[in-house]
Each structure stands twice: as C-alpha cells, then as structure tokens.
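Engineer: What follows is the residue order along each chain.
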Amino acid sequence: MPELLISGLVMGSIYALLALAINIIYSTTGIINFAHGELVMLGGMFGLVLVVNIGLPLVVGIVVAGGIVAVFAILLYYSTIKPFGDNLGGSLGWLMATLGAGIIFRNVAMLIWGSHPRPFPPLGGSELINIFGVNILQHEIWVLVITLLIAIFFNVVLDKTILGSAIKATASNRNTTRLMGISAEKMVLACFGMSGAVAAVAGFLISPITFAGPEMTVSIGLKGFGAAIIGGLGSSRGAFVGGLILGILEALSMTVVTPGYKDAIVFLVMILTITIKPEGIFNVTYEKKV
Amino acid sequence: MLDIKEIRVSYDKIEVIKGVSFKIEKGEIVVIIGANGAGKSTIMKTITGLVKPTSGQISFNNVDIARLSAEKIVAAGITMCPEGRQVFPQHTVYQNLILGAYLIKKNRKVVQTRIEQMYQLFPILLERKDQPAGTLSGGEQQMLAIARAMMINPDLLLLDEPSAGLAPIFVKNIFQMIKHLSRQGTTILLVEQMAKMALSIADRAYVLETGRIVISGSAQEVMHDPRVEESYLGQKKHCAV
Amino acid sequence: MKKKIVISTLIMLSFLVMTVIGISPSIAAEKEFLIGSVGCMSGPAAMLGKNLRIGVEFAVEEINKTGGINGMNVRAIFRDDEADPTKALTLVRELVEKEKIHAFIGPTNTTCAIAIQPYLVAKKIIQLNGGTTGTVLIDPKGFPYSFRTHINDKDQAIFLVKEAIANGFKRIAVVHDTSALGMGVQKDMKDVLDSHDMTAATFATYNANDIDMLPVARKLKSADPDIILMFTLMADGARLLKAMERLDFLPPKVAIQGYAATALPIFRELAGNASKGVWSLAPYNSTYSKTDPGLPEVVALAKKIEAAYPGDKGKDLNLFTIFSYYDCAQLVRVGVARSKSLEADQIKAALESLDSYEGAQANYSFSSTDHEGLDPSKLVTVDANQLKHGMYLRVEK
Ligand SMILES: Nc1ncnc2c1ncn2[C@@H]1O[C@H](COP(=O)(O)OP(=O)(O)O)[C@@H](O)[C@H]1O
Ligand SMILES: [Mg+2]
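Protein chains in written order, with the working numbering: chain W, 31 to 320; chain D, 3 to 243; chain L, 2 to 398.
Read the hints as simulated data drawn from the structure, not as lab findings. These figures come from a predicted structure and were not determined experimentally. It is possible that some hints are incorrect.
Stated by the list, open to error - Cross-link-like lysine to aspartate or glutamate pairs, in silico, DMTMM-like; alpha carbons within 20 Å at most:
1) L/124 with L/344
2) W/112 with D/73
3) W/216 with D/73
4) D/131 with W/189
5) L/220 with W/293
6) D/107 with W/189
7) W/190 with D/73
8) D/108 with D/118
9) L/277 with L/246
10) D/74 with W/215
11) L/277 with W/157
12) D/54 with W/215
13) D/108 with W/189
14) D/107 with W/215
15) L/316 with W/245
Stated by the list, open to error - Computed footprint of chain L on chain W, listed as stretches where at least three residues anywhere in the stretch have a Cβ under 8 Å from a Cβ of chain L:
16) 34-47
17) 236-244
18) 257-270
19) 275-286
Said to hold, decoys possible - To spell it out: a stretch of chain W is covered by chain D in this simulated footprint if at least three of its residues, at any positions, have a beta carbon under 8 Å from a beta carbon of chain D; those stretches are:
20) 186-198
21) 208-220
The beta carbon of each residue, even a glycine, is placed where N, CA and C say it ideally should be.
This is chain W alone, in the form it adopts within the complex (with noise of 0.2 Å):
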C-alpha cells in the first residue's frame, strides 16, 4: 500500500508538472499548448546532452535547459498561436498548428538524437533508499518537492503579484488590459517562457524515470491535459491536486483493477468531470451578479 501511494505520487507529481505549464500559458491566451509534452522531451534531451554530453553539473544542466526551452517556447507562440490572432477562441487553427509543431518537434529530435531511448542521471544519484520499508530513489522525492515548489511559485505569482494580476487580466480582456498601459504580447510571452522552462525542468525530473527519448512524453503527455482538466483550467492549486488525483486513480486501477482498463478509467475520468463539473475541481471565474 505505501508503495502504491509513492508510485502514485510520483506519477502524480508529473501529470501536475505538465499540468502546471499548460495552465499558465491557457490564463493568458485561453489556449491549450497540445505541444507541452514535446517542450518537456525536449528539456530531456537537452539535459542529456548539456548534462550527460558535456558533463554540466545537474543543476547548471537544468537552468541552461530552461534557458534554451523557453526560447523554443516563445518561438512556438510565434510560429503557432500568434497567427491566428488575438481572437483565439474564435478559430480552433491553433490546435491543429500546435499538435502539428508537437510532431515536428518529435520528428526532429529522432533526426538528431535518434529514437531509442536513454538513461539519464536520476537526481540524488541512482542508489535506492528504504523508507518504511519501501525503497525508493531520492528522485522521487525531489519530483514531489519541487512539483509541490513550482505549483506554490505559479500560485504566488499568479495570485500576490501585480504581473500574475497583469496575466491574469490579458487573459479576460486583451483590450482592455492594453488601455492600462499593459502589453498583452509581453504577458504573453512571459507566460511561454515561463512554460517553457517548467518543462526543461520537468524533462529533467521525468527523463530519470520514462528515459530521455523523442517518445518519451506520447503517453504522459494527454494525462498532463487531463489533470489540467480535472483539477480547472487555469488554476494552479487544481493542476497540482488534479495531477496527484490522477496519479492515484492510475496506481489503484492497475493494481485493484486489471492494468489494461487504467487508461480507460482515467480517460472516463476526465470525461465525467467535463459533463459534471466542466470548471473542474478548483474553479477559477465567478458568476457576474449585476
């Protein structure tokens, strides 16, 4: 049992990594980023080079790799969101030109890297740990720290700050938020950058744990969407909570069910949610009372 919460957690801990950085880019721009799952593999397969090639040290490796993804993060809003314009929700281009840059993105790094698969150093070093009983790396437990230190940094910054307000504002009324002085293109971009390198730091927690691949975030990637969902678009509390929800259920359904029908369970899951509580577990807008 406490094997199964930790694997939960762990997995949880990755859906609300990728959850997080999805959110923050659909509170300024309204839009789903169904690239972040290839932002995240490429963070791992720049740690491995930065890290593994080169020899960087780990934490110098990740910075770097934030550095180098949130460019790509910027460009990819240059490239796939921004010309379709500042109506968004009127025109659903960006989805086909977002999912279309996750498969290029893909299709690159196989070219470069090639496609199989490989290991990358786990934070704290490969030795095992027991801890009642369970053995477990320190990775592990750095996933769920520093998941649990982004999601608070995300909800501080989104929440106390004058620029999260900024973001926040870009996000309901772009017009409006101009007519204050405030450049809705810098929120925005600040939104990419910042997701952008929430996923470098992401590929380097996940690549100790799925391998550093080109494939690495096919599967992971939809769940991350899927705790974004369950726990409200847009909230930085529900991603984390929706993440480590979903985490759990997985964990439970392979080991109490059979593990074929896990991913079933999950995706009914996301859909339940949808048609019952479609603002997901932690709302974000509140009723206009006039």
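On the provided structure of chain W, position chains D and L with the ligands as indicated by the hints.
Structural biologist: Same frame as chain W, now just chains D and L with the ligands:
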C-alpha cells in the same frame, strides 16, 4: 492638446469614419453625440490606439500618436473608460485599481496615495475593495472603471457612454463626478447618448452622423441647434400627422 | 579542332539520352545481379532498416570478392519505406519494373510485407525475409517465393517456455503487454504449458509504454515464481527490471529470461544494474561459450562489423539481426548458384532443397512445405551482458 485631422477608419474595408477632424483644448470637456453606430466608439478606440486609422493625423501635445501602440499612448497620458465599463470581473476592486496604475507600479507610494484619493472620491469602492469586480452593480462598476482610468492621473480622459444602462440616480452622480474631475484639471472627451445631460456639463460639442461630423460648436450652440433638438433631445418641432 | 568538340559533345549527349531513356540499365543488367531491398530507415524504427542495410552490404561485398553470383557482379539497391505500407509497395514496384531487380530482401515491418507480397508473387520475385515476424507472411502455397531467416515471436515464445521446463523450473511467470503481439505470445506460451500439463504462475500484463511498472512488478513477485519470462518492449522492459530492483526481486532470487530484444546493448544500458544476471536468447551460431569461441567465419564477420561500428555507433544494432540479413543475401547467392538460373521457380526449388545450410546466424533448413529457415531448436539461452565482438555468451544452466 489633442488635434485630430481628417482621420479615416475602416473595419474589413468598410469605412466607418469618413474624414473626421476636431480639437480639444486643455481643461475642456468636449462631448460627441450621435446615434448608435455613428462611429463614436470607433473614434475613441482610434485615439487610444486600439484601432488604427487608414489615414489622417492625431497629434497629442504636438506629437503624432496615430501610429503608436495602445500601450505607448497610455504612457503619453491618455486613458479611457471603455464602453460597457470592462472592469476585470475576476479581479478584486483593489486589483482593478492596481492594474490601472500598472505604468507607475514601481512607484508604490504614489500608487497607494492615488488609491486613497480614489477611495475618497468613490467611498463605495473602499467598502467593496476586496470583492471581485464582477459582483458589483452597474453603477459601482462604472465608478470603478473611472477610478481605474484616473489612477495614473491622465492629461486626457476619454469616457465612452459612462451613463449607459445605469439607473437615473447613478447617471446624475456620474455626471457630477465628471464635472468634478474636470475642475480638478483633467481634460475630458465624452461620448454620450444622454445628449441633454452631457451638453449641460460640456464646453463644446460635436455631432457625428455615419462617420462624419455634421454639427459643431459650443455646448450652448449645439444644444439649441434645431436639428439637435429634433433628433437628439427629443423636442419635436413638428407633430407627426 | 572544332570538329573534335562537336563529336565529343554528340557522344556525351547520346550517353545522356541513353541513360535517360533507360538503355544503359538493360545493358548493365546482363553483367550485374541486382538485389532490391526495402526497409524502414527513418523515424522510430530506423534501426530495423539500419540492421538490414549493414547485413546486406557486408554480404554483397564478400560475394563480389569471391567472384559474384554466377560470375555476375552483385549490386544492392536500398529504399526507405518509412514503415508505410503504401510507400513500400510503390518502392518495390519501382525496383521491379524500373531497376529490374533479380531478388528482393526485406521489408522490416509486417504491415509492409503484407502490402508487397502479393505483388512479388505476381511478378515471380524471390523474397528473403530477414526481420519481420508475422506468422501469415510465410506460406509456401500463398507466397511460394517468400523465405524467412528470422526467429519469429512465436518460436521465441515456444523456446522460452520449453527451455524453462527443460531446466526444471516449476513456477513460470510471464509478463507481456496488451498489444496483439503480446496477447499472441500469451496464447503460444499457454499451448506449450498445456501440452506439459502445466499452468503459468501468472500472466502479468500492462499497456505498451506504461511508465509506472511497480504494480506489474508487485504482481509478478506475489505470484512467487521461480522464473519470469519477459516479452517486453525495450523501455518498458527496462522500467520493469528497475521496478523489480526496488522490490528486491532480481536474479539470483528469481531467474529472469527475456526475448531477443533484451539482448540489445541499449536495453542493457537502460536497465543498468537491474539487468545483471538477466538471460536472453539468441540463435546458436551467433553465440560463444567459455570453451568454444564460435565458428571461425562467423567470428571473423562479427569482428568486421564491430570494427566498422565501434562503441556508441553500434549501440542500436543487433548482431544476429544483421547476421540474419547477411544470410538472406548469401542464400540468394546459393539459390542462384545451385540452380544456375535467374528464374524464381528454379531458385525456389534450390532453396527448398537446403538442409542445415550453415549461416552466420544459424543453420537453416527449408523444404517445399516449410519456408521458415529457423525453428525453436536453433535458439539458446545467453547472457547478453557478456559480449565478445557483439556475440553472446551461452549460458550453461
Ligand atoms: N470590430 C468591428 N468590426 C466591424 N465593424 C465594426 C466593428 N466595430 C464597430 N463596427 C461598425 O462600425 C460602425 C461604427 O460603430 P461604433 O463606432 O461602435 O458606433 P457607436 O459607438 O457610435 O455606436 C457600426 O456600423 C458598427 O457596426
Ligand atoms: Mg459606441
């Protein structure tokens, strides 16, 4: 202060402002009246840079701002209270005001004193300061929108139909407030359907019809123009047979 | 002087024209034996095509050094089908109709093979399949010109169970994914167990690409097996072994044996320490033992490949798959040489008469009713952590 020369504006190739020129001098209250769809809001959006003119000049304090971005125009000292108020419904009253002061956010002291001044001007906002703006009544939202636009103490304040959809007591209130702001030194461009009330506080007025200015003059002159009396003030000279 | 230039220009032009309208290939065809080869050489399955290309290239080089096929120089033409059946068929058509190939080696995916085999039958082209596993592909009646040198999944499944039983294991646990391939393996293994009046300790399943393997590992451990048979894709298998490591349930506490892919160096690298003592399987000729270095020709070939793809360059290669494609090309040579003919029916008859032909990978036997060159009896248990020139150490249990 503001000098608009021959601006033309189109949406998707359909021209809605067909060569409009007018001036606003420092300290004035200027009002534009006109029927729905005449192009009043478009003029306001063009001044604030949300919409770009296809031709013409807009000079503000002798600088051409027609090609500047909306963000730069705000920084130059023009703010707007947009049509429909457009407060940020999920942000608290306080956060709305803070956003209004975004350009001076580094100067926290100034921001705080401005907020205090706004609370004095609109005591209801102090009462509601931690409430999401979406939960305010229409009149309260309008006050918030005006306060928000006043946060950086603009040289020129644009008000697009501030009285729309408000109960009569609120309307009176709002016009008093506009007069008050003007006395304190803010130049005001007002767009209104409530022509009578607007003209009563204005210095000068323009009448806009389908993208062209058809009448202009002092508020008094415009108020007594027979065409205005008939179409906008509802005092019919001829009875329908 | 001017005349000379005019004449040489004319000659050059006529050469150009001849090449364009395709006169030269037919002239060359009389001197050259052409092997057409289509496989997936890009995208996720690019390593399959890489194995194919290397195997065929090494064989062609050797064949040409030793006098070619019936005196004809051999040339191989490679095409990339990107694992796309439609593309594969187009490319094979081009090879047959434009390049006029004499024999075909490939492809590397079962779906592509299904798409092209009816066409090869219609055109009477000998096909050697060195790497795809679909059972339906080999059928002397339906596809009379198709022969296989590869160990298919079914044979591997049968081998793993038979070997476990022969070595006295009583509680056999199996782990595989829920894909069609995985479920097929389960059926094949059940059949063997049934015929020995045994049942599996457990069939633990998961979805391909699952990340969290701990629940699967726990299920395996709680079944209390004495051997675990792994039919798991590369990264899935590595994650499973790491999960087993956490439960402290690895050799020698329990025997673990995987199918062919677990012998790959990249699999060993992914699983790290957790792959220690985990057995794999390989065809006999590509293995060595403490006392037997292996067949001298095979060792020489293995050394040559090792020299051409040292270290990381050879990491995603699989020696016996390369051998398998190498053998495909050599079998084409043998078939043509024995039948002294370029006719598919003659070559087919010559191949069907082969009994225990010694290849680099294994000894192949074909007959008019059986075009599978390998069977489970040609496989042995190996320790893939102990490589010598890419060859695997046989485990003497
Ligand atoms: N975003 C837009 N796209 C296209 N046409 C518009 C847009 N906004 C306004 N219009 C049109 O331009 C004309 C002027 O509109 P507007 O400036 O809003 O008028 P007013 O504020 O005087 O009621 C109207 O005919 C309106 O339909
Ligand atoms: Mg209007």
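Engineer: The structure should be examined with respect to each hint, and the outcome stated for every one.
Structural biologist: Verification of the supplied hints:
A distance of roughly 11 Å separates the Cα atoms of residue 124 of chain L and residue 344 of chain L; the hinted pair therefore holds under the 20 Å criterion. Restraint check for residue 112 of chain W and residue 73 of chain D: satisfied, since their Cα atoms lie roughly 18 Å apart, inside the 20 Å limit. As the CA atoms of residue 216 of chain W and residue 73 of chain D are separated by approximately 11 Å, the hinted pair is consistent with the 20 Å bound. For a cut-off of 20 Å, the pair hint linking residue 131 of chain D to residue 189 of chain W stands: about 16 Å separates their Cα positions.
Only pairs whose Cα atoms come within 20 Å are accepted, and residue 220 of chain L paired with residue 293 of chain W is accepted, the gap being roughly 18 Å. With a CA separation close to 16 Å, the supplied pair residue 107 of chain D and residue 189 of chain W stays within the 20 Å bound. Pair hint residue 190 of chain W plus residue 73 of chain D does not hold up; C-alpha atoms about 23 Å apart against a cutoff of 20 Å. A C-alpha spacing of about 17 Å is found between residue 108 of chain D and residue 118 of chain D, which places the hinted pair at or below 20 Å, so the restraint holds.
Distance restraint check for residue 277 of chain L and residue 246 of chain L: the Cα-Cα separation of roughly 10 Å lies within the 20 Å cut-off, and the hinted pair is therefore satisfied. Taking the CA atoms of residue 74 of chain D and residue 215 of chain W, the gap is near 13 Å; set against the 20 Å cutoff, the hint holds. The straight-line distance between the Cα atoms of residue 277 of chain L and residue 157 of chain W is roughly 16 Å, inside the 20 Å bound, and the hint therefore holds. Among the hinted pairs, residue 54 of chain D with residue 215 of chain W is consistent with the structure: their alpha-carbon atoms are about 17 Å apart, no more than 20 Å.
Simply put, residue 108 of chain D and residue 189 of chain W have alpha-carbon atoms about 18 Å apart, close enough for the 20 Å limit, and the pair holds. A C-alpha spacing of about 19 Å is found between residue 107 of chain D and residue 215 of chain W, which places the hinted pair at or below 20 Å, so the restraint holds. Of the pairs offered as hints, the one joining residue 316 of chain L and residue 245 of chain W holds, with about 18 Å between alpha carbons and a cut-off of 20 Å not exceeded. Here's how the segment 34-47 of chain W fares: 5 of its residues keep a CB closer than 8 Å to some CB of chain L, so the rule of at least three is met and the hint holds.
With a cut-off of 8 Å between beta carbons, the segment 236-244 of chain W has 5 residues touching chain L; three or more are needed, and the interface restraint holds. Counting residues of the segment 257-270 of chain W whose beta-carbon sits less than 8 Å from any beta-carbon of chain L gives 0, not enough to reach three: the coverage restraint is violated. Closer than 8 Å: that is the beta-carbon criterion, and the segment 275-286 of chain W has 4 residues meeting it against chain L, so the requirement of 3 holds. Check result for the segment 186-198 of chain W against chain D: holds, 4 residues qualifying (beta carbon to beta carbon below 8 Å, three or more required).
With 6 residues bearing a CB less than 8 Å from a CB of chain D, the segment 208-220 of chain W meets the requirement of three and the coverage assertion stands.
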